[in-house]
Structures are given as structure tokens and as C-alpha cells.
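Chemist: Just so you know, the protein sequences line up as chains D and L, in that order.
Take the first sequence: its letter number 45 is residue 45 in this note's numbering, and every next letter is one higher.
Take the second sequence: its letter number 88 is residue 88 in this note's numbering, and every next letter is one higher.
Each hint should be verified, as a subset may be incorrect.
So, partial list: chain D residues that the calculated Cβ filter (under 10 angstroms) puts toward chain L [unchecked claim]:
no. : residue
1   : 4
2   : 8
3   : 29
4   : 36
By construction, these hints were calculated from the structure, which means they are not laboratory data.
Every residue, glycine too, gets a C-beta built ideally from N, C-alpha and C.
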Amino acid sequence: MKITIRIALIFLLLSVLAFADITRFDVPLGDSPQLGPPNALITMIEFLDFQ
Amino acid sequence: MEEYKGKIRLILRQYPYKYRDYSHIAAEAVLAAGDQGKYWEMHDILLKKSPKLDRESLISYAAELELDMKRFTNDLDTMKHLDIIKRDIALAEALDLYNTPTIFINGRKVIGNRPYEYIKKIIDEELQHAEK
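From just these sequences and the hints, can you work out the full model?
Modeler: Printed below as a string of C-alpha cells:
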């Protein structure tokens, strides 16, 4: 049982470390058109070309 | 994205490719429609009708949305939103973007058209992390 818990903790730690290692860009929000609540958990900023 | 309603905020920035005939005027059109409260409606039409984005087509889409046509046409022809578009382009270039669409999901860069499942996986990871 203890081994199972230990393995689970190692996996959890590895997943946290992997998440922390993701490259993130700081993109200013500006006053561009927005859809969705300002306090949403996810902010998606899309650069688009209609053609 | 309906399944994520209330959990996602979507922000759009214009990045018209300079060598495409109608990219810039389409960006002008969506912002001009936005001035009249119809940004997202025009956005949806342009995605659906692309690449038919010449001036006359854009004007016909504005008419479909029952915009003030005199105002819309004037905005289009005077490139009223040039400064906003230039600002977005400058930001895109500063971020070294070379493809559209490019999406940042909580700062994670996703380049080009990707399958829904690919985007969904990132969103789910971000939600899982945020909700911990």
C-alpha cells in the first residue's frame, strides 16, 4: 500500500514539474474584442487572418 | 467550445498577412462592424465566406447584418482602424509569429490550424491545473 502511495506521489510530482516546465508567453490583453467572462480560468488570445 | 462556457475568455487580435489581397480590408470590416456592435457576427460571416472578402462582398455582408451602410463603407474606405491593426501586427511581430491562426492558451503557443482534440487537450490540462 505504501509503495502504491509513493508511486502515486512521484507521478504527481512529475506531472507538476512537467506543467511548470511549459513555455508560456506573456501576451498583453489590450482592448481587443473579447468573448467570455473576464475572470475565466482560461484566456485564449488568437491572432487571425480572415483570408 | 460550448462545453467550456464560462470557463474561457477569447480575445481576438488582427494579423492580416501583407501579401494577401483581402486580409487587411477584412480586418477593417470586422472592426468596423464591431463599432456597430456586430463584431462577432461579422467574424463568423468572414470565416464562413473566406476567401470571398473583396470590398463588394464585405459590403454585402454588412448589409446582411443591417449595419449603418454609410458609416460602414466610410470606415472601410478610410481605413479607420488602421492604427489598431498596425498595433496588433506589431505585437504579432514582436512575438515572432509567422503563421495564422496562432493561439495562446494561458500563454501556451499553438501555431496553425489544429484539430479540435489537440486544443481541447491543452484546455483540459489548464483547467485541471487551475482547479487544483
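Chemist: Look at each hint and say if it fits the structure.
Modeler: Hint by hint, here is what the structure shows:
no. : hint : in the structure
1   : 4    : 21 angstroms, violated
2   : 8    : 15 angstroms, violated
3   : 29   : 6 angstroms, holds
4   : 36   : 4 angstroms, holds
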